[in-house]
Amino acid sequence: MRSEDAVFRALADASRRKLLDRLHRRNGQTLGELGQGLGMTRQGVAKHLAILRRANLVSWRREGRERLHFINPVPINEIAERWINKFERPRLEALAELKRKLEENDGRQN
Amino acid sequence: MADKTEESRFVYVTFIRTTAERLWQALTDAEFTKQYWMGVRVNAEWKPGGAWQLVFPDGRIADTGEVLEIDPPRRLVVKWRNEFMPEMKAEGYSQCVMELEPLGETIRLTITHTMERADSKFIQAVTGGWPQILSNLKSLLETGTAMVLK
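As you go down the protein sequences, you meet chains A and B in turn.
The letter at position 11 of the first sequence is residue 11 when you use the working numbering, and the numbering goes up by one with no holes.
The letter at position 39 of the second sequence is residue 39 when you use the working numbering, and the numbering goes up by one with no holes.
This is chain A alone, in the form it adopts within the complex:
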């Protein structure tokens, strides 16, 4: 199952989105590192990672005895391109940047 359905199903879970957030922040982590402080069992993390891998949202490399996990945004980009015209992309990026900056400022003042 490597279709869009698999991608949407994989993303429809807060724990899996959290794992992707962690990889986005720091790419190339082991299963143990990824699970730290998440309050999930090792088996739980492994199960979520397997679903993310099947959806091709996570790739991995073997490094000695370890398996390092990497975020793979290619399927998300394909979904985005289906509805986002390439000429709209710079404007959407500017909006996302504006939102990020404004919310950052809010956080500092409160």
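Read the hints as simulated data drawn from the structure, not as lab findings.
Hints may be right or wrong, so weigh each one.
[Stated by the list, open to error] Derived DSBU-like pairs (lysine-lysine); straight-line CA-CA distance at most 35 angstroms:
1) A:Lys18 <-> B:Lys79
2) B:Lys89 <-> A:Lys101
3) B:Lys121 <-> A:Lys47
4) A:Lys101 <-> B:Lys121
5) A:Lys99 <-> B:Lys121
6) B:Lys34 <-> B:Lys121
7) B:Lys121 <-> A:Lys18
8) B:Lys34 <-> B:Lys89
9) A:Lys101 <-> A:Lys18
10) B:Lys89 <-> A:Lys18
11) B:Lys79 <-> B:Lys121
12) B:Lys89 <-> A:Lys99
13) A:Lys99 <-> A:Lys18
With the hints as your guide, set chain B onto chain A.
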């Protein structure tokens, strides 16, 4: 383990319904790359130690490097340095590994791009570029077949 924080890397994977030979051609032929790689042409002497470069549509040199390993249509390793952004050029050479692996009716293409330093600006820049290049490549090979290849 300890030195992996001293590098920046990403591993991108896409599955493309094509043959390994066609995908290999798409990655190594300038007439092909300009169609999906934002107009960029790849020029190289396709042998170990051969010079390698990416050229913008207006003729400026985008990146330069060297072919480190070549095993058509399976594996290509390129030493790769940015040439047009001084702060990225200053980071020196990155390494890009492209691996093609048949899987059912598709080819699994894995791009691993590594720079031996933490928080590389160059890796940050190509991190955003590669997914678009790979999506274009996929749609060119899967849907543009009749127009482009025959």
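Results of checking the hints against the structure:
1. Our distance criterion of 35 angstroms between C-alpha atoms is met by Lys18 (chain A) and Lys79 (chain B), whose separation comes to about 34 angstroms.
2. Proximity of Lys89 (chain B) to Lys101 (chain A) is assessed by CA-CA distance (about 29 angstroms); at most 35 angstroms being required, the pair is judged to hold.
3. This hinted pair checks out: Lys121 (chain B) and Lys47 (chain A) have alpha carbons roughly 33 angstroms apart, not beyond 35 angstroms.
4. A hinted pair counts as satisfied when its Cα atoms are at most 35 angstroms apart, and Lys101 (chain A) with Lys121 (chain B) qualifies at roughly 21 angstroms.
5. Restraint check: the Cα-Cα separation between Lys99 (chain A) and Lys121 (chain B) comes to about 23 angstroms, which is no more than 35 angstroms; the hinted pair holds.
6. Restraint check for Lys34 (chain B) and Lys121 (chain B): the C-alpha separation of about 24 angstroms stays at or below 35 angstroms, so the hint holds.
7. The hinted pair formed by Lys121 (chain B) and Lys18 (chain A) meets the criterion: a straight-line CA distance of about 25 angstroms does not exceed 35 angstroms.
8. A threshold of 35 angstroms between alpha carbons decides the hint, and for Lys34 (chain B) with Lys89 (chain B) the separation of about 23 angstroms falls inside it, so the pair holds.
9. Taken as a hint, the Lys101 (chain A) and Lys18 (chain A) pair is honoured in the structure, with Cα atoms around 22 angstroms apart against an allowance of 35 angstroms.
10. Restraint check for Lys89 (chain B) and Lys18 (chain A): satisfied, since their Cα atoms lie roughly 34 angstroms apart, inside the 35 angstroms limit.
11. For the proposed pair Lys79 (chain B) and Lys121 (chain B), the alpha carbon gap of about 17 angstroms is at most 35 angstroms, so the pair holds.
12. Between Lys89 (chain B) and Lys99 (chain A) the alpha-carbon distance is near 31 angstroms, which keeps this suggested pair within the 35 angstroms criterion.
13. For the hint linking Lys99 (chain A) to Lys18 (chain A), the alpha-carbon distance of about 21 angstroms falls within 35 angstroms, and the restraint holds.
The structure meets every hint from the earlier list without exception.
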